[in-house]
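So the chains spell out like this:
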Amino acid sequence: MSDAAEIQDAGFDDWIDAATAGEAYALECPNGHGSLPPRRVCPDCGSTELEEVPLPDTGEIETFTVTHVPTPAFADDAPYATAIADFGPVRITGQVVGIDLERVETGLEVELEITVSETTGDRVIGFSPV
Amino acid sequence: MSDVRVAGVGLTPFGNTPERTSRDLFAEASITAFEDSGVSRTDVDALLYGNFMGELAEHQGHQGPLMAEAAGVQAPATRYESACASSGAAVRDAVMRIRNGEDDVILVGGAERMTNLGTAGATEALAIAADDLWEVRAGMTFPGAYALMAQAYFAEYGGEHEDLAHIAVKNHENAMTNDKAQYQSAIEVSDVLEAPQVSTPLGLYDSCPISDGAAAIVLTSEAYADEHDLEAPVAITGTGQGGDRMALHDREYLARSPAAREAGAEAYADAGIDAADVDLAEVHDCFTIAEVLAIESLDLFPVGEGISAARDGRTTADGETPINLSGGLKAKGHPVGATGASQIAEVATLLAGDHPNSSFVEDATAGLAHNAGGTVASATVHVLEVVDR
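Going down the list, the sequences are from chains A and B. FYI, the numbering for the first sequence is 216 to 345, going by our numbering. FYI, the numbering for the second sequence is 23 to 411, going by our numbering.
Just so you know, the hints here were simulated from the structure itself, not pulled from any lab data. Note that the structure is a prediction, hence the values are computed from the model and not measured. Just so it is clear, CB atoms sit at the ideal spot from N, CA and C, and this is done for glycine as well. Treat each hint with caution, since some may be false.
Unchecked claim - Quick look at which bits of chain B chain A covers, simulated, 3 or more residues with Cβ under 8 Å:
| hint | region |
| --- | --- |
| 1 | 132–144 |
| 2 | 150–160 |
| 3 | 173–180 |
Based on the provided sequences and hints, a complete structural model is requested.
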């Protein structure tokens, strides 16, 4: 990845680093609204007092799909499951890994597992069943 | 408040024409719109033009002045970008400018060139309407995002893929008579169910095609229409816009579209009508599930009942509230930047009695056009009414 790309992605890459180390976090304002970085202002109430709070160890899949027609960045990864999982203060979109695609279901308990795209080698937010 | 009249409309055929540039497409649409309107190009006060992926598809930004030139209009021109709601947003601003007395005549529309990118390239280009960091990099595509909503809808309100298939069948049926439509062919429920999967539960026939095309509308003030004795029986009487969080996962609801609800409520109030007065609607059915979410958000059907409306014949051409008589994005095509304006053009033509499918809505006096951007992080809704016939 070029330097320019790394600069552009500041804040997001830091979060991926933290999640890789098992220290994923959300941002929380004094009113208890959770959000994901990079962010200076709470999108719910406009508060600028955001602090990092640890995410719970596990989340729950709320909805999912198996994608057969990917963008070029995931050409070699398809088919793969994408899900939205609830991690308490925030929901997160990620790829479900470590499970047969047919067994992915709503309600499945997962933990974050930063994985890589088979196509590009870039880091990807993943969910693995607990 | 003065009505904003639809003086003329022009659409290119929507379809697969990779060799045509957007300036060629928009020129054609604008020529038709001016001919239809009887308005002189020299009277145009502004061009408001919707386009989404011009930089990626044609290496062309700053398309406003380029398209004014293509249309032969000497007027300030601005491009509107709001993903798939780009030209809906342009029409909304045009309406407000005419109402405010700033302008008397506005050329508004949009164009998109997409098929030259190929399926993978267009999928990638469309994906930039989502949050690049938190959605695209997780592998989410646009069909994928709507599939997430479809699964969430099934889990919350029930329904299955076969219900969605009836929406695709209906919209193909409606497009049979529309010579501008990309697909003028009938399909069966079994075709939809057996089509290759794109993103479960959505398959190829649940998805709108990748399209090239343009739409142009000449809007005028009521005073200008009267003064020039224009034949312009349809007015835009209500406009509304709603917004929501960019990423689907940040929304309160995964199976509803609050931005469309907000836009619809604003447009209804603006026009002084309610959902029960709506005789027909063109809604943003980029995927079959999107039509369900749209008709529920617009209060045309209660939440949880939109899923069965097509299957039960309530939204078919001969149903109580025909939805997407043009064929919709699904069968007419979805050249992103042109879509919102094209929906308004279709509603105006249907209400004026000039559409091949006008016979299904002969007594119609009010129609709705709903245009959504992204996973409905943006939405515009317009009410059109017959004011002079």
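Tested hints:
1. 132–144: holds (count 3)
2. 150–160: Result for this restraint: holds, n = 6.
3. 173–180: holds (count 3)
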